[in-house]
Structure formats: C-alpha cells, structure tokens
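**Student:** Starting from the known structure of chain G, arrange chain X on it as the hints suggest.
Number of protein chains: 2
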Amino acid sequence: MSIINYQLKKTSIIEMNRLSVEEFHEAEKMPLIVVLDDVRSLYNVGSVFRTSDAFRVEAIDLCGITATPDEVRDEDGTLVRDCTLKASQEIHKTALGAEESVAWRYYKTAAEAVAALKADGYTVLAVEQCHGSTMLNDFKPAFGDKKKYAVVLGNEVKGVHQEVVDMCDGCLEIPQYGTKHSLNVSVTAGIVIWHFASSNL
Amino acid sequence: MSIINYQLKKTSIIEMNRLSVEEFHEAEKMPLIVVLDDVRSLYNVGSVFRTSDAFRVEAIDLCGITATPDEVRDEDGTLVRDCTLKASQEIHKTALGAEESVAWRYYKTAAEAVAALKADGYTVLAVEQCHGSTMLNDFKPAFGDKKKYAVVLGNEVKGVHQEVVDMCDGCLEIPQYGTKHSLNVSVTAGIVIWHFASSNL
Chain G
1 MSIINYQLKK
11 TSIIEMNRLS
21 VEEFHEAEKM
31 PLIVVLDDVR
41 SLYNVGSVFR
51 TSDAFRVEAI
61 DLCGITATPD
71 EVRDEDGTLV
81 RDCTLKASQE
91 IHKTALGAEE
101 SVAWRYYKTA
111 AEAVAALKAD
121 GYTVLAVEQC
131 HGSTMLNDFK
141 PAFGDKKKYA
151 VVLGNEVKGV
161 HQEVVDMCDG
171 CLEIPQYGTK
181 HSLNVSVTAG
191 IVIWHFASSN
201 L
Chain X
1001 MSIINYQLKK
1011 TSIIEMNRLS
1021 VEEFHEAEKM
1031 PLIVVLDDVR
1041 SLYNVGSVFR
1051 TSDAFRVEAI
1061 DLCGITATPD
1071 EVRDEDGTLV
1081 RDCTLKASQE
1091 IHKTALGAEE
1101 SVAWRYYKTA
1111 AEAVAALKAD
1121 GYTVLAVEQC
1131 HGSTMLNDFK
1141 PAFGDKKKYA
1151 VVLGNEVKGV
1161 HQEVVDMCDG
1171 CLEIPQYGTK
1181 HSLNVSVTAG
1191 IVIWHFASSN
1201 L
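Which chain is which? The protein sequence lines are G and X, in order. Start counting the first sequence at 1; every next residue gets the next number (my numbering). Start counting the second sequence at 1001; every next residue gets the next number (my numbering).
Do not take every clue at face value.
When the alpha-carbon atoms are kept at most 30 Å apart in a straight line, the in silico DSBU-like pairs for lysine-lysine are as follows [said to hold, decoys possible]:
#1 1148(X) / 180(G)
#2 1118(X) / 1108(X)
#3 1086(X) / 158(G)
Restraint-style ranges between C-beta atoms, simulated for each label pair [unchecked claim]:
#4 144(G) / 1009(X): 46 to 54 Å
#5 201(G) / 1083(X): 34 to 42 Å
#6 1009(X) / 103(G): 52 to 60 Å
#7 121(G) / 1156(X): 21 to 29 Å
#8 86(G) / 1080(X): 36 to 44 Å
#9 1085(X) / 144(G): 23 to 31 Å
#10 144(G) / 1147(X): 28 to 36 Å
#11 1135(X) / 65(G): 31 to 39 Å
#12 1121(X) / 140(G): 29 to 37 Å
#13 103(G) / 1075(X): 50 to 58 Å
These aren't lab readings, by the way, just hints derived from the structure by calculation. Each residue gets a CB set at the ideal place from its N, CA and C atoms; glycine is no exception.
Just chain G, with the same shape it has in the complex (with noise of 0.2 Å):
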C-alpha cells in the first residue's frame, strides 16, 4: 500500500452519489436473485434487503415462513401472506429502507419459486453444504454469456429443503475451516451476492 495517510479522509454522505429509490428502479441491476426458504429471523431478511441493495440485485423472492415487509394479497385480493406491524417494523430497522428499493416477490414454498426461475431460464443454485458442491471461489458466474442466477438460501437451523436442493442446478459452497460449519444466514448471502458482484468489476 503506497498511499499516504492525510489522503484517507473519511467520505461524507453528500459525496457518496447514493441512488434515490426511484433511480434505484430505473438502474440496471445484477441479473442474480436471491431466495429465501423458510428463513425465520427478521433481522436476516432486513440484513438481505441492505446487501441486495447495496450490489443493485434483481429482485429477492421471500418464501414459506420468511416474513415479507409487507402484506402480500392475490389478485382476488384474498391475504396469501400476513405481515404484522412489528415485522414490518423490524424488517425496515434492519434494511434501513432498502425493502422500498429492492423488488421482492412472495412464494408459498421455495419450490414454487425454483420451478418459476427455472422456466424463466434462470440457473439456480442452492447454498449449501452438499456432496458434489462447487466451492464458490470456484465458480465464476458467466454475466458476460447473458446468463443469469438464482441462488437459494436456507433456514437458519434446517438450511435448504432437500427437496429444493434436488431442484437446482448447481450446490454452492462457502469453505469452512473452523468449528461450526454454519455461517449466519445474512453473512453468508452478503459472501455470495458480493463473490457475484465483484466477478464482474
């Protein structure tokens, strides 16, 4: 590192040319979605809106227990997903806003989401530990082939159903070295988004 110390001058807000949120909408995004399968604490979906937003993901599809950040009606306008206020309320805390930014879609179960991306030409992979894995510093997402990705997250204790698992095209794994083999469900989406983004920079 050559660079001199008086130049490290911590950046202000103002010079940071943050996007508002329709600016965000009109952005060219990362052709990668995230899912969430059954992920139980608001503070990891909060977490995932603020990663996502930061790297211009496509969209984040909430499935089975994964609370949304709002209601989510069909078109008959019959509740297919309750949101209570605090949920709502802990989702915004943790996302800072970034849940107004970031396109979400709710899925009964994540299958119905895999099988969704799947038709619509997505390559979908699960973050996974899983016999037959690609370890992610090896694999290069092929953006510049116009491809795009899925990537599916799991429950905090259970992981990615195995009948989701089954469904994908590929298992991701982050390589662990240490004691407990589980990274927290926000680090481990924050891993993956970035190892996508910066692929391509």
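**Tutor:** This is chain X only, laid out in the frame that chain G set:
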C-alpha cells in the same frame, strides 16, 4: 454447471469434519486480525466471532465500547472491561460458541490496538469509504510474502474514527451501487474476511 442433481445430497454434521475447540487452537490460522472499533451491537460482535471461526482468523481485537464475551482484568486484577451476563449470553447466542475458539483481546481504544499491531509488523487497513480507498476487488493480500494484516471495522453509525483511519496503512472500500451505501458491520466483516480467505484458496 454439469453437476447431476442426485449427487447434491446435503452433507450431514458428522461428515463436515468440524474441528474441536482444542484442534482449532492448535490449527494454523490465517494471518489476519479483525479490529472492532466501538461496535455497539452484541449481535454484530457474535456474528464476527462466528465468521472468524469459519475462516480461522488469528484473533479479534475488541475496542472501546465493543462488548467482550467475558470481563477483562489487568495484571493487578483491576476490572478493565465489564461484561454483563446478558451481554455474555447474547454474544454466545450469535457466536454459537465461536467466542471459545477464536482468540480475542480487549483494548480501551482502537488507536491503542492499531499502534500495537503496527509495532508487531501488521499491515493495518481500515474498512471505510475514504478518499484514496483501495476498492476491495482491486486488493490482493500478499500472504505469500509472509505479510500479516489487520482490518479495522467501525461503529454502526459513525464508522472507524478518523484518528484511527489516519494511523492505518490504507483503506479498503467495498464498492456499493445502491440507495444506502452502508452495509451491516457483520456482513462487511464477512465479505472482507472471505476476500482475504479466498485469495489464498
């Protein structure tokens, strides 16, 4: 991805070859120390422990108001850093016990930690959005040249203190493209630690 689905069976806990705490203490570590400068949230502290366990980070330096997994006393037995039962339990809950495997130290200020690290030959990099930052994707650690590193992560609102930034050898910045430009501390730690770890895989 040419992987065939039926191969993607999730790995059982027994198959993961997780280290015991004793094996972790003996195992070779990545020459990277994570410095937390006034991190307020117990959740973030616990999460950084968990991620540091996964990638065998050498140690975590907890500074200022950052909570410690236990109370800290100096050689005379004088209490240097208090730790309530609640704080200890909260860190444990998020760290899932990684506070037992990963080495940690307490410093009254991050400036003291950085001074000690520099005296000990570490290249110290603040993780911040600065004028003159090096973008994380442009940075390659020189572990091969026996270099050892420390990264400083700051408070959830205020970031790393400017006087601490001034002491550092450089700034690493995670480029961000959204409406917020403020990743969660534990997600930031995850991305940075993964960047160091994967550069060596």
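**Student:** Hint by hint, note whether the structure agrees.
**Tutor:** These are the hints, each one checked on the structure:
no. : hint                         : result
1   : 1148(X) / 180(G)             : holds, 25 Å
2   : 1118(X) / 1108(X)            : holds, 17 Å
3   : 1086(X) / 158(G)             : holds, 27 Å
4   : 144(G) / 1009(X): 46 to 54 Å : violated, 32 Å
5   : 201(G) / 1083(X): 34 to 42 Å : holds, 41 Å
6   : 1009(X) / 103(G): 52 to 60 Å : violated, 33 Å
7   : 121(G) / 1156(X): 21 to 29 Å : violated, 39 Å
8   : 86(G) / 1080(X): 36 to 44 Å  : holds, 38 Å
9   : 1085(X) / 144(G): 23 to 31 Å : violated, 54 Å
10  : 144(G) / 1147(X): 28 to 36 Å : holds, 33 Å
11  : 1135(X) / 65(G): 31 to 39 Å  : holds, 37 Å
12  : 1121(X) / 140(G): 29 to 37 Å : holds, 34 Å
13  : 103(G) / 1075(X): 50 to 58 Å : holds, 57 Å
Comparing the model with each earlier hint shows violations of hints 4, 6, 7, 9; every other hint is respected.
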